[in-house]
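Enquirer: Listed below are the residues making up each chain.
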Amino acid sequence: MGFNLDFALSTIPTIMEALGTTLLATVLSCLGASALGFTLEMIRRGGGAPGLAVRFLIDFIRSTPVLAWLYFLYFVMPFYGIRLGAMTVGILGLSLYYSGYLAEVFKAGIDAIPKGQQEAARALSLNRRDTVVFVIAPQMLRNVAAPLGNYLVSILKATPYLAILAVPEMLGRAFDIASETYRYAEPLTVAGILFLGLALIVAYGVKRVEQRLLAAGRR
Amino acid sequence: MLAQAPHPLSADQSMPHVRIHGLNKWFGAVHVLKDIDLTIRAGARIVVCGPSGSGKSTLIRCINGLEAFQKGKIEYEATSLGKNTRETAKARRQTGMVFQGFNLFPHLTVLANCTLALRRVLLKPAREAEEIAMRHLTAVRIPEKAKAYPAQLSGGQQQRVAIARALCLNPRVMLFDEPTSALDPEMIKEVLDVMIALARTGVTMVCVTHEMGFAREVADEIVFMDEGRIVEQASSKGFFSGTAHPRARLFLDTVLRH
Ligand SMILES: Nc1ncnc2c1ncn2[C@@H]1O[C@H](COP(=O)(O)OP(=O)(O)O)[C@@H](O)[C@H]1O
Ligand SMILES: [Mg+2]
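Chains H and C are the protein sequences, given in the same order.
Sequential numbering of the first sequence, starting at 1, is according to the numbering used here.
Sequential numbering of the second sequence, starting at 1, is according to the numbering used here.
Check each hint, because a few of them may be wrong.
As the list claims (entries may be wrong) - Facing chain C, from chain H, some residues (calculated, C-beta under 8 Å):
1. Val206
2. Arg208
3. Gln211
What the hints assert, rightly or not - Anything over 12 Å on all C-beta distances counts as not near chain C; from chain H, calculated:
4. Asp59
5. Leu73
6. Val153
Stated by the list, open to error - Stretches of chain H that chain C covers, calculated by requiring three or more beta carbons in the stretch to come under 8 Å of a beta carbon on chain C:
7. 39-53
8. 176-183
These are calculated hints, taken from the structure and not from any lab test.
Remember, predicted model here, so these are calculated numbers, not experimental data.
All C-beta atoms in this analysis are idealised placements derived from N, C-alpha and C, irrespective of residue type, glycine included.
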């Protein structure tokens, strides 16, 4: 039984139906992981007891497999009375897991900003929030564009993990077809190619943004 | 008849803006400021000089609250700068700071560098903030670069923008920490010219610098520091006419020889 191109092509529409789910999970997880990662880094930077707790939390997150988070949220949380939908759990799990890595990325991006910038902000009487929003965050984003982009691609590539929660994303849909037809090569190849295409598009977009930011830096 | 409050502009010129009493600061075990007493009167133009590592920057940074100190007092007119952060904030609002390395915000245009604090701290509407900023950019002779980014400017131009940015908040005292030390020689003059013009407007300023020509021209008081102490404090005339402390004399000889 060789690779049947016609069959492969016929699976494209079905798998593509799951494209929306994959994209939605990717985008929301990226936003969630970025927001959470930045918040964690801000708390860690603040020091004190909360800073110490967050430092521990980040290390903990980074030393736990993403599957463990997904299983924990999906199967263990209901035990404590918290019952969430599969998609919600998936996005939450990916956000949590990648927030630990993004906190590190943001840390490096902030450390690279010269100390004089914060001092100038303080000398101008800007409060802490305004200093973060108007002085630190924009410069940090410029510094982290490349590693941040890489993690966004990683999040896209991590969405198939949601298949274990029966979230109908692309790889899960490909497996559905495979188990119905007993043909694995075609649907999985199609899903692989679609992921590759998506990853290339995201990587290209990231590169463009990065170049624009760098150009802005040289202005 | 009710007593009238004096008009702020007619304030007694001898009234001190800042009074520093017995200021001591340590970095860990290193004693970097020792029993500093200094009074900055309204309209004063004080030049602080001394060898590298003598504590000049630290003193300036204590005055605007960028550094904490362990002993002594800094009084801003009525408010005292101490541990209370609200008082510190109030005191800082009365000072403008110009750094050796300019410290402009690279992601913001020249105009946005100047309007940021006007908008976020003084809560001025955009239009008014831009008018104020343009007025100060004109005063430092660089209004045509308002839309440029810092990286597009020369060092001298960046430092003039930094002066304008500090002036925007209308500080009572302008603090300069070696404003020309990071500049190529050909750009020093344009910055000093702006500072001389600023001094003529009667702004109170404390300036750490080794530009003795500038000191001679604008300073009414010279403070010489060595190893964390004020070793010599004299009128500009007295300082340059040879009555200075031997260590100050030696220092002067070395900087003037360059
Ligand atoms: N952040 C700091 N931590 C530790 N020591 C410092 C710090 N800043 C300055 N110092 C020390 O304090 C002394 C005074 O420094 P500074 O005020 O920068 O001198 P100046 O401006 O006159 O060259 C120096 O011995 C310097 O090494
Ligand atoms: Mg210094």
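Enquirer: Against the structure, test the hints numbered earlier, and report the numbers of the ones violated in rising order.
Expert: Failing hints, ascending: 1, 2, 3, 7 and 8.
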